[in-house]
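K.L.:
Two chains, each in its own frame: build the complex with the hints.
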Amino acid sequence: MKEYFFDCAVIGGGAAGMAAALEVEKSGFRAVIVERENTLGGILLQCIHNGFGLHEFKEELSGPEYAGNFSEMIYASGVKVFLESTVMEIGEAQGKIHELYCYSAVYGVFTVKAKSVILAMGCRERNRGNIGIPGTRPAGIMTAGLAQRLVNIDGYIPGKEIVIVGSGDIGLIMARRMTWSGCKVHAVIEIQPYPSGITRNIVQCLEDFSIPLYLSHIVSSINGKDRIESVDVTPLRDGIADEEKTFRIGCDTLLLSVGLVPENELSRKAGIRLNPQGSGPFVDSYLMTSRDGIFACGNVLHVHDLVDFVTKESRTAGANAVKYLKSALSARQYKVVSGSNVRYVVPQKFNFEDVSQFYLRSMIVKNDAQIEVKINNHLIKSVKQNHVQPSEMISVSLKKEELAKVTSVNDPELEISII
Amino acid sequence: MKYDVAIIGAGVSGAAVARTLSRYNLKIALIDKEADVSFGTSKANSGIIHAGFHTGRKYLKSRLEIQGNLMFDELQRELGFPFRRCGVIVVAFEEEDLRHVQDLYRQGVDNGVIGIEICSRERILAVEPKLNPDVIGGLHAPNGGIIEPYRFVFSLVESARKNGVELHLNFRVKEAVRKSGYYEIIPERGQPVEAAYVINAAGIFADEISRIFRAESFKIIPRKGEEYLLDRMSPAFPNKVIFPVPSARSKGTLVIPTVEGTMMVGPTAVEIDDKEDTSTSSENLHMIFDFARRIVPSISQKDIITSFAGLRPALEGGDFYIDISEKAENFIQVAGIQSPGLTAAPAIGEYVKDLLKKLDCKLTEKKEYDPFIEKVIQMRDHTHFESDEIVRGNAVYGNIVCRCEKVSEGEIIEAVKRGHTTLDGVKFFTRTGMGRCQGGFCTYKAIRIIMRETGLTFDQVTKRGEGTEILKSHL
Ligand SMILES: Cc1cc2nc3c(=O)[nH]c(=O)nc-3n(C[C@H](O)[C@H](O)[C@H](O)COP(=O)(O)OP(=O)(O)OC[C@H]3O[C@@H](n4cnc5c(N)ncnc54)[C@H](O)[C@@H]3O)c2cc1C
Ligand SMILES: Cc1cc2nc3c(=O)[nH]c(=O)nc-3n(C[C@H](O)[C@H](O)[C@H](O)COP(=O)(O)OP(=O)(O)OC[C@H]3O[C@@H](n4cnc5c(N)ncnc54)[C@H](O)[C@@H]3O)c2cc1C
Chain A
16 MKEYFFDCAV
26 IGGGAAGMAA
36 ALEVEKSGFR
46 AVIVERENTL
56 GGILLQCIHN
66 GFGLHEFKEE
76 LSGPEYAGNF
86 SEMIYASGVK
96 VFLESTVMEI
106 GEAQGKIHEL
116 YCYSAVYGVF
126 TVKAKSVILA
136 MGCRERNRGN
146 IGIPGTRPAG
156 IMTAGLAQRL
166 VNIDGYIPGK
176 EIVIVGSGDI
186 GLIMARRMTW
196 SGCKVHAVIE
206 IQPYPSGITR
216 NIVQCLEDFS
226 IPLYLSHIVS
236 SINGKDRIES
246 VDVTPLRDGI
256 ADEEKTFRIG
266 CDTLLLSVGL
276 VPENELSRKA
286 GIRLNPQGSG
296 PFVDSYLMTS
306 RDGIFACGNV
316 LHVHDLVDFV
326 TKESRTAGAN
336 AVKYLKSALS
346 ARQYKVVSGS
356 NVRYVVPQKF
366 NFEDVSQFYL
376 RSMIVKNDAQ
386 IEVKINNHLI
396 KSVKQNHVQP
406 SEMISVSLKK
416 EELAKVTSVN
426 DPELEISII
Chain B
83 MKYDVAIIGA
93 GVSGAAVART
103 LSRYNLKIAL
113 IDKEADVSFG
123 TSKANSGIIH
133 AGFHTGRKYL
143 KSRLEIQGNL
153 MFDELQRELG
163 FPFRRCGVIV
173 VAFEEEDLRH
183 VQDLYRQGVD
193 NGVIGIEICS
203 RERILAVEPK
213 LNPDVIGGLH
223 APNGGIIEPY
233 RFVFSLVESA
243 RKNGVELHLN
253 FRVKEAVRKS
263 GYYEIIPERG
273 QPVEAAYVIN
283 AAGIFADEIS
293 RIFRAESFKI
303 IPRKGEEYLL
313 DRMSPAFPNK
323 VIFPVPSARS
333 KGTLVIPTVE
343 GTMMVGPTAV
353 EIDDKEDTST
363 SSENLHMIFD
373 FARRIVPSIS
383 QKDIITSFAG
393 LRPALEGGDF
403 YIDISEKAEN
413 FIQVAGIQSP
423 GLTAAPAIGE
433 YVKDLLKKLD
443 CKLTEKKEYD
453 PFIEKVIQMR
463 DHTHFESDEI
473 VRGNAVYGNI
483 VCRCEKVSEG
493 EIIEAVKRGH
503 TTLDGVKFFT
513 RTGMGRCQGG
523 FCTYKAIRII
533 MRETGLTFDQ
543 VTKRGEGTEI
553 LKSHL
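Protein chains in written order, with this note's numbering: chain A, 16 to 434; chain B, 83 to 557.
Only chain B is shown next, with the shape it has when bound in the complex (with noise of 0.2 Å):
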C-alpha cells in the first residue's frame, strides 16, 4: 500500500497530525502497534488541559501549550468529546509558596492567560470551597480545563479517518527501508506500508523508531506517574484543577475533578528504565494520599475505585523536540512529548503542517472536507423523557449493561461499530466498567455484546489486544 504520509504512533500526537492533515488531498497512514489507538500515554496521565503559565514562551512546549488551550472550544464542536474549562488553581500554604505563586503569575500574564489572577486566601476559598483551610492564598486562571484524553483521541481518528486517513492496528514497526522517493515500513507482521514521508509520533518508543529510519539518535527517559481513581461519591470533589507549588521535576501531585464527575489525585514523577513498566506501588499510593490531604482534607483512600500509572516520553532538557530530521530524508520527529502534550496536540497539528510544507509536500485542501462527526448516544447525557424517546427509537438503549455509569447496549455496539473491540477499547469509549464496581457486574455482558457484534469466539476477545485474552476455555 502507498501513501503520502505515514504516521507512526496513534496517541493524541499522531492522531492530531492525522486529522490536520486530513484536510488536504494527501492519501495518508495511521500506525499502531496496539490493537486500538490511544492505548499509550495518551490514555493515562491527567486530562488537563493547561492554563499556559507552568513554564516560560522558550519552550516550545509552552508555545503550543498555549495555541493549543486556544483551540479546544472549537475542537469540541466539532467533536464532541467531553471537555470543560472548569479553571485551574495553585494554592499556596507557606510564605515562601507565594513568592513562587508571583513568579507563575507573572509567567501566566507574559504567556498570555487569560483571566489570570492573584487570590487572597478567601477568594481562594470561595473558588475552591474543598481546600485545606489553612491555605494561605494562591493563583487562579479561569481558562484551565480538563477533558477525556482517549475520548478525546478516538475522536481525532474518527474525523481522521471520515475524511480518508487509514487505520493500521496491530502494526508493530520493524524495519523501515529508504526506496527511490518513499521509505518501505516493515512490520512485525503484516504487510509492508510504503510512504513519501514518515512522522515519528511513537511517543516512548520515538527513539527507537529514530533509530530504524535511521535518524538522529536521542534517548526517551520514561517518566512514570501514578494516578489514583476516586468515586463520583466522594465528598472531595473539588471544582477546579489544584494544582501545589510545582517542584523542579514535576507539577507535583494534583487534584483533578474528571468531566465525568469521577476525581483523580497524582499523578507521581520517577524517572525509570524499563519502557513497558507501568505497575504502582503502595509507597507511591501513601506518598499521594499524604500529599492530596494537605490540600483537601475530605479525600480518602476509601473512595479509590482504580489505579494506573502513565509514562511521560521525556528527552533531556525538558522540551518537545518536533523538527525534520537532518539525517532521514522526509522525516519528522514528534518526540519528547511529555506534558504538556494533550494540550498542546491540537497545535502539534498545526506545526507538523507547516514543516511538511518546508519539505514541499504539496498541500491543498480538500472540497469534501468535513469537521464534524456523528455524535455517540449516551443515556447518561439524557433525562428520562429524552431517554423514553431514544429507547423507543432503538430499544437496545433500553438496555442498561453497566449500571455504576448508566451504559447501554445500544452504546457497546456502536463502540464497536466504530472499531472498539477490546474490552478495554469498550471500556474508554463508552465507559462500560470504569464506575466503583469496576467491571464486576457488567463485565460478562460486554464480553457477550462483543462477541455477538464481531463474530468473535470467547477466547478471541481480549482486555487490549493479542496476549490479553480474558477467557481460557469452557467447561
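Chain A on its own, in the form it takes in the complex (with noise of 0.2 Å):
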C-alpha cells in the first residue's frame, strides 16, 4: 500500500476543508486534502443561488463561485490535494501519528500518516424514514439535496408536479428553483408551527412566487404504486393530527427538505466523542475533539447557515492545528454548558487565554431575547438579539478581558442561556 507522508491531513474539500488547510499550509506546515469527488467545493458547487460571501469577500456570490475563489488558492498554495479518494477509516494512532485509510479509482488504495487530522466532511439530508412517513413507497421520493444535484449539476429535472415536505433551506431554495425550471410547486408542509428555513429564504423563494406554506401541518401519506401520485396532509392542532380535516395534494414528485445531520460515521469508527444534541464531535476550546490531534470544523461539526461562519470556524481549526503541531496548545479546559432554551453550544470547552467563539442553536422563537453568558451564575455578558428562531445560527464572543471578570473562582463553568 502507497503511503504519504504530511504534518495535517484534511478530510473533505468544501469550504471547511479548504479554510483549514489554507491556514495549515499558511504557516508552513504541509497539509493534504482528501476529497472523494472529482472537484473541491463540496456542497457549495450545487448552490448556484447568490448569497455567500458577504462576510468573507464583502460581494455576493453564487456557492460555486466562492468555492471557486477557495480552490483557486489552494491550488495556489503547496496544499496537496487528492480528488476522487474516499477515506474510509481512521486507524488507530502509531505513536503521536495518525493513519487515515483512502480508496480511489486514481490513486489506489493508499494511507496518509499525519501528525494531525481535520475532520471536515460536512453533514447529509435526513430522509423519509428518519421521519416516518407513512404510505406507498413509489417512484419520485428524494432528499431536497439529491434534486438540487441532478437539476443544478447533472441538468436533470425528476417531476413537474412538486410537494415539499420541511421547510428547511435547501428545500426553500429548491421551491424557488424547480418553479423557475417550469415545474409546479403546489405547498411546502411543515410540522413546526415556525419555518425551519431563514426568513430571506421565506421571502425570497415561497412569498415571491406564491408557493402556499402550510405551518403546523404533516404529510400523513405517501400515496401511488409506481409513480407518486399524491400526498394527504393533515393539520396539527396542539400538536396532535387533526384527521377529519386530512386534504389531499396531486403531485409526481415529493422533496424532503427535514434536516441535515452531520456526517459523523468515520469519526464514531475512530473512537471520537459525540455530542448527542447536535451529533457532531465534542470539541474542546481549540475545536479539538475527543482524540488528540484530531480537530473538527464545518457542518461535520454543527450544521451551519452560513459559509461564511464556516470559514471563520475552519481557519480556527486550522490555527489551532498549527498551534498543536508547535506543542502551544497549552490552556487549561473548562466545561460549556447549554443553558436554558439553548439546544446546543460548540464548542463544550473554553479556557481563560484566548478569544472565545461560540456558536449556539435556539430551541425557541422569540423577538427581542437576550443572550446571556454566565460563569458559576456571574453574568459577564449578555447580548441583545432582535429576533431568534432555531434555524437560524447564533454567534457570541468573548474577549479576554470579559472572561477575566472571574478567573478566580473554583471549578468555572460557562453556561449560555436564552432569556
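No wet-lab data here; the hints were simulated from the structure. There may be inaccurate statements among the hints.
Covered by chain A, per the in silico footprint, the following chain B stretches (three or more residues, Cβ under 8 Å) [claimed, not checked]:
#1 387-394
#2 429-440
#3 457-471
#4 475-486
Don't be surprised by glycine CBs; every beta carbon is placed ideally from N, CA and C.
P.N.:
This is the structure in C-alpha cells:
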C-alpha cells in the first residue's frame, strides 16, 4: 500500500476543508486534502443561487464562485490535493501519527500518515425513514439536496408537479429553482409552527412566487403505486393530528427537506466522542475532539446556515492544528453547558487565555431575546438579539477581558442561555 | 419458444424450483411480470431461517421448513449468499408465557430441532444481553438463522441460468391456451411461451394464475406485514432473532438482526383486500415500537432508516398448497406460500421435482451441471490490504460510490452485468443506497453508471421497472 506523510491531513474539500488546509499551509506546515468528489467545493457546487460571501468577500457570490475563489487559493498554495479519493477509516494512532485509509480509482488504496487531522466531512440530509412518513414507496421521492444536485449539476428534472416536505433552506431554495425550471410547486409542508429555513429564503423563494407554506401540518400519507400520485396533508392542533381536516394534494414528485445531520460515521468508528444534541464531535476550546490531534470544523461539527461562518470556524481549526504541531496548545480547559432554551453550544469547553467564539442554536422562537453568558452564576456578558429561532445560528464571542472578571472562581463552568 | 417446463413467478419459490430442476436435462423458462426477480413478497420479509418449532409436523409447511433449514449450509457454500446461523430465542415475561415456551420446546423436540433448549432467566440474558431484564425465561434454538432474502433469490436464479434456465422478465401472464400436449402462455405484451408442464409459483397472484389455467379455484388472502429497518449504529443490535410468545395469527413483533449488520423490528399481520397495497401506517409504527421496546428497551425510533411492507400469500387453513392440479393437466400448484416460505424454499424445490416425476416428466441428470456460481467482490468484506490488491487488479473497485454501505463502482458494474438494471435491482444486489442516507449521496452516481453500462437514456432508468422512471426531463 502506498503511503504519504504530511503534518496535517484534512478530510473533505468543501468550504471547511479548504479554509483549514490553507491556514495550516500558510504557517509553513505541509497539509493535504483528501476529497471524494472530482472537484473541490463540496455542497457549495450545487448551490448556484447567490448569497454566499457577504462577510468573507464583501460581495454576494454564488456557491460555485465562493468555492472557486478558495480552490484557486488552494492550487496556488502548496496544499496537496487527492481528488476522487474517499477516506474509509481513521486508524488507531501509531504513537503521535494518525493513519487515514483512502480508496480511489485513480490512486488505488493508500494511507495518509499525519501528525494532526482535521475532520471536514460536511453533513447529510435526513430522509423519509428518519421522519417516518407512512404510505406507499413509489418512484418520485427524494431529498431536496439530491434534487438540487440533479437539476443544478446534471441538468435533469425529476418531475413537474412538486410538493416539498419541510421548510429547510435547501427545500425553500429548491421551491424557487423548480419553479424557474417550469415546474409547479404546490406546497411546502412544515410540522413546526414556524419555518425551519431562514427568513430571507421564505420571502425570496416562497412568497415571491406565491407558493403556499403550511405550518403545523404533516404529510400523513404518500399515495401512488409506481410513481407518487398525491400526498395527504393533515393539520396539527396542539401538536395532535386533526385527521378530519386531512386534504389531498396531487403531485408527481415529493422533495424532503427535513434537516441535516453532521456526517460522523468515520469519527464514530475512530472512537471520537459525539455530542448527542448536535450529533457532531465534542470539541474543546481549540476545536480538538476527544482524540488528541484530531480537530473538527464546518458542517461535520455542527450544521451551519452561512458559509462565511464555516470559513471563519475552519480557519480557527487550522490555526489550532498549527499550534498543536508546535506543541503550543496549553490552556486549561473548562466546561461549557447549554442553559435554558439553548439546544447546543459549540465548542463544549473554553479557556481563559484566548478569545472565545461560541456558536449556538435556540430551541425557541422569540423577538427581543437576550443571550446571557454566565460563569458559575456570575453574568459576564449579555447581548440583545432582535429575533431568535431554531433555524438561525447565533454567534457569541468573548474577549479575554470579559472572561478575566471571574478568573478566581473554583471549577468555573460557563453557561449560555436565551432569555 | 418451446419449453419442457415453465415456472410462473420468480420469487423464492419459483427460483428454488428452477434451480432444483436445472440439474436435469430439461428446457426451462422462469417467468415474472416484474423487471427483476424477487420483486414480490420475497424481497419484503423478515429474512429469518426458522428453526422448526413454531408449528407441528401435521402441516406441510412445517415439514418443509425443517427440511429446508437443513439445506442452507450447503446452499451457501455453493451460492455464497449472506447467511448466518445466529440462533433464535423466544422470550417469556409472564408465567403463562412459560407454559407456551414449554409447548414450543416439546414441539421442537418432536420436529427434531437440533440444540433446542429451555432457558432460565440467567441463561436467556446471557444468550441475549440486550433483553429487557424483566424477562423470566425462554427458549433458545441455535439452528435458526438469518439471510438476505433477495440475495438468496438472485443467487438461485443465477445458478439456474448458469445451468440453462431461461429468464423472461416483464412477462405478465395474461392468458393460457391448452394445445395438444402443451400450454401456450400469453403475456400482456410480447411473444408467448410454450411449455409442456407449468408450475404456478405466482405468490399473491397464484389464485389468478390458477384461474387463467382453469385449474382449482381458491382465494389468496394477502396478509400484510410492516417492518422497520434500523441503522447499524443502533445500540439495540441483538445477537439473536428474538420472538415474543406467539399468538394464534402470527409470530408477533420480532427483533431481528440482519446478516448485513442493520436490524429490523416487525412485522405486523393484517389481512387486507388489495393485493398491491404495500403501504405502511403510523399507527402500526407506534404499535411495533411500543411492543419491541418491551422486549429490547434500547430500541429507538430515532434509528429508523426505512420501512417497508410485504404481503404474505395466505390460504385458508394456513398451510402451503403444493400439489398436482386435478383439473388442469400437467399443472402444479405452489400456492399459499406464506411464512416460512423462505426457509422452506429449498425443500419446496425438491418437493416439486418429485411431483413432476409423478407426472411422468423425464428427469435425467445433466453431466455438465455446476452447482457453484462465481462469487462477487464486496469491498465491505475485505481488509485494507486485500482491497489494495483488488484495486490494483481493477481500479473501479477503488471508487466508493455508496459510503454508508461501502459499495464500489466495480460492484455496481457487476450487478448490471448480471442483469440488475433498475435502481432497486442494483440496490438489492449491491446494497447501494440501503444505508442510513438512503441514497441521498449515491443515487445520481448509480444512475450514471447504469446509463453508461446499459446504454439507457436518463429517462429510461427506473426505480423498479416501467412506470417508475426517476427523471422526467432535461433542463
Ligand atoms: C443546500 C445548502 C444550501 C446552502 N445555502 C447557503 C447560502 O445560501 N448561503 C450561505 O452562506 N450558506 C449556505 N449554506 C451553508 C454552507 O454553504 C455550508 O454550510 C458549507 O458550504 C459547508 O461546508 P463544509 O465544508 O462543512 O461541508 P461540505 O461542503 O459538505 O464539504 C464536505 C466535503 O467532504 C467530502 N467528504 C465527506 N466525507 C469524505 C470522506 N470520507 N473522504 C473524502 N471526502 C469526504 C465531501 O465530498 C465534501 O466535498 C448552504 C448549505 C447547504 C447544504
Ligand atoms: C412481512 C413478512 C415476513 C416474512 N418473514 C419470513 C421469514 O422470516 N422467514 C420465512 O421463511 N418466511 C418469511 N415470510 C414468508 C416469505 O417471504 C414468503 O413465503 C415467500 O417470500 C414467498 O415466496 P414466493 O416465491 O412464493 O412468492 P413471491 O415472492 O411473491 O413471488 C411470486 C412472483 O410471481 C410473480 N407473478 C405474480 N403474478 C404474475 C403474473 N401474472 N405473471 C408473471 N409473474 C407473476 C410476482 O411478480 C412475484 O415475483 C415473510 C413474509 C412476509 C410478508
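K.L.:
Can you name, in rising order, the numbers of the hints this structure does not satisfy?
P.N.:
2
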